[in-house]
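Colleague: I would like the entire structure built from these sequences, with the hints used as guidance.
Number of protein chains: 2
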Amino acid sequence: MAQHNAFYAQSGGVTAVINASACGVIEACKRHPDRIGKVYAGHNGIIGALTEDLIDVSQESDETITALRHTPGGAFGSCRYKLKDIETHRTQYERLIEVFRAHDIRYFFYNGGGDSADTCLKVSQLSEKLGYPLTAIHVPKTVDNDLPITDNSPGFGSVAKYIATSTLEASLDIASMCATSTKVFVLEVMGRHAGWIAAAGALAGNGEGEPPHLVIFPEVAFDRARVMDRVEEAVQKYGYCVIVVSEGARYEDGTFLADSGNTDAFGHRQLGGVAPTLAGMVKQDLGYKYHWAVADYLQRAARHLASRTDVEQAYAVGEKAVELAIEGKNSMMPAIKRVSETPYEWRIEAAPLAEVANREKFMPAEYIREDGFGITDACRQYLLPLIQGEDYPPYENGLPKVARLKLAKVERKLEEFKL
Amino acid sequence: MAQHNAFYAQSGGVTAVINASACGVIEACKRHPDRIGKVYAGHNGIIGALTEDLIDVSQESDETITALRHTPGGAFGSCRYKLKDIETHRTQYERLIEVFRAHDIRYFFYNGGGDSADTCLKVSQLSEKLGYPLTAIHVPKTVDNDLPITDNSPGFGSVAKYIATSTLEASLDIASMCATSTKVFVLEVMGRHAGWIAAAGALAGNGEGEPPHLVIFPEVAFDRARVMDRVEEAVQKYGYCVIVVSEGARYEDGTFLADSGNTDAFGHRQLGGVAPTLAGMVKQDLGYKYHWAVADYLQRAARHLASRTDVEQAYAVGEKAVELAIEGKNSMMPAIKRVSETPYEWRIEAAPLAEVANREKFMPAEYIREDGFGITDACRQYLLPLIQGEDYPPYENGLPKVARLKLAKVERKLEEFKL
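Which chain is which? The protein sequence lines are Z and E, in order.
If you read the first sequence in my numbering, its first letter stands for residue 24, the second for the next number, and so on.
If you read the second sequence in my numbering, its first letter stands for residue 24, the second for the next number, and so on.
None of these hints come from the bench; they were simulated from the model.
It is possible that some hints are incorrect.
Any copy, or any two copies together, can satisfy a pair, since identical chains are not distinguished.
As the list claims (entries may be wrong) - Cut-off 30 Å, straight-line C-alpha distance, at most; resulting in silico cross-link-like pairs (DSS-like, lysine-lysine):
(1) Lys384 <-> Lys312
(2) Lys441 <-> Lys429
(3) Lys306 <-> Lys352
Since the structure is predicted, the reported quantities are computational estimates derived from the model, not experimental observations.
Modeller: Encoded structure:
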């Protein structure tokens, strides 16, 4: 078979392990020199393809590519940019073909979440609708764990481990301070629509009185009086109260507790600030001294505390994406299949991209405790395998050693293109 | 020599390694069975002594005591409670003597920061002023690194490592998002009066353009126009801007940013966060999309990322405290002495408590860069040894394994005492 080049890009919010997927894609491509020539990385996702802003990955040393496995963030730049459909925005698709043809790109790997899966799905239609021979594979990634079909999303396990650990550690802190000082600690975590990350906070404790005492999910309508009753109860019984709250916490009518009024490129509302809002309510209604933390980027960048399971899965989906492409399986996504619960075993299977794009996986109702403030045993059983194992980065001079890429640009062959 | 019991307690804000000091004290006491009988831990600091609320440490297994070394928080409970002087509050001191006599306590170890050093200093006067034979030693601890005489304070190195690492990781995140999304990231760190922790954030980068691009210290008057100019400059030059800001950031007139009556990034009344306040200014003045994080307790409880140097020093000051007590050196504090810079070497020396209590160590002016937004090489040289080495806790089922103490109470012998 002839040899052609591959395109790889990262899209949407990055994770602690998206570069492990990049590492998986790149190393797997190298194992098929008869089929795949160079890997060109899109600078800032699909925008790199549209603007012919390509990075020549072959200029990076093997050591640098291996180091991607323990480097957080998106090494090639990510983007929040959604393609419209082919009918509406034909020029963009024609431009993609022009760029792919100019650089002999026949393999397309797009590493992202739900919105990015939609972009990848549209690109996968280039062959059928516009006759350009391209195999497009979506490489799953999202800390939100809301991709369908796959048992879990790469990136989530590491956030889950970080949030569970941080909740445990901060709980030991407030437990020792509560006699004369802080009584309530609020930790705000990511998860705009689905409470998966908040649920992970619940892994910090399980026995009677073990924190967190309340988990506030986006899936459960926020009822101030009920929440305050539970906070009061925890303080009375245990001396303190630890709350893990999702940034997506909302009232019955759908209004977010903390709505900044800003929207991002996709028209999503920019959220943040639920923790201080909730802490303010505690002070106002109950008068307790509080502390609050907002982990924000820290949680999804915390490669120093990655889950080994997550790192392995992130690498494996990248590797599998290349195998699928080599087999000519256009418009697919490698998905994680849970083969066995105890011991936890998984494998990677192929899922049709059309069934993935634009569908969000919410927490099943049976994962949320009946009172709405915690998780069930079923949820715990689902989550625990995902945080297993540590995978420490190497350290240099006290800090994690990260991959430093050359990011050598591929020479442009085409005219400029305005987005 | 006769054998008597020891009292140990924790005071003030806890750290990731205060229990390592507890471990040092307890294990050292066990090595002197001829002099020291039991160790009684005060439940919630000095309050435990006043209310005769004592924990019998001898009931804990050796394994549990060893596990304290990797357990964050204050295992015996801490307190924010300051003794008045003997003249003003003689009954409290008489009560202490009553409790110490009832339980044959002749050694007093108090583990805390500046305020706690003052408490320990007052207790150390019991022998001289009230004739009760007690040797009181202060065991230093504070994430704020503001204790005088000691080269650095146990607890600080681990926070410094956590903040430097988190700044590095989050910077890689925003660097990959900035083309189409977030342009400014603000990380709020602890340090109400001294900018030591904020300075540690600067360790994340050093070369041209390497984040953080701005560090905002409590020591440098906040000038909104100057800060915004620098933010704009960083975004123009590097595509994004990372800011590490101290919770103690303040205006020329001393008003804290967080207490200045500003509304936060969401237009809500400020609830005590500098990061959202600053992010709101960025949005208002420059229009950039932002993210912000407030690490709060997460930073000082992050035992999972402790500095090995810090853990070793925390243990060593605990151990040395017992040696000083055995030598009859009342009213002292083990202090860390930097013996050599390259390679970094340190030893523990004894410092008179009277010279420690009620004095804060601020950042020397020569540690802050001339423009006020970064650290100097001298500061970097001072800080770097403190974050060296990792000291991972053991993990069980995906989470750090922490010491679970019995906390068996010592039988009360006295009447109740009202604080």
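Colleague: Each hint: holds or not?
Modeller: Quick rundown of the hints versus the structure:
1. Lys384 <-> Lys312: Intra 37 Å, inter 28 Å, cutoff 30 Å: inter-copy only.
2. Lys441 <-> Lys429: This pair counts as within: shortest intra-copy Cα distance 26 Å, inter-copy 68 Å.
3. Lys306 <-> Lys352: Cα proximity of Lys306 and Lys352: none, with 57 Å in one copy and 45 Å across.
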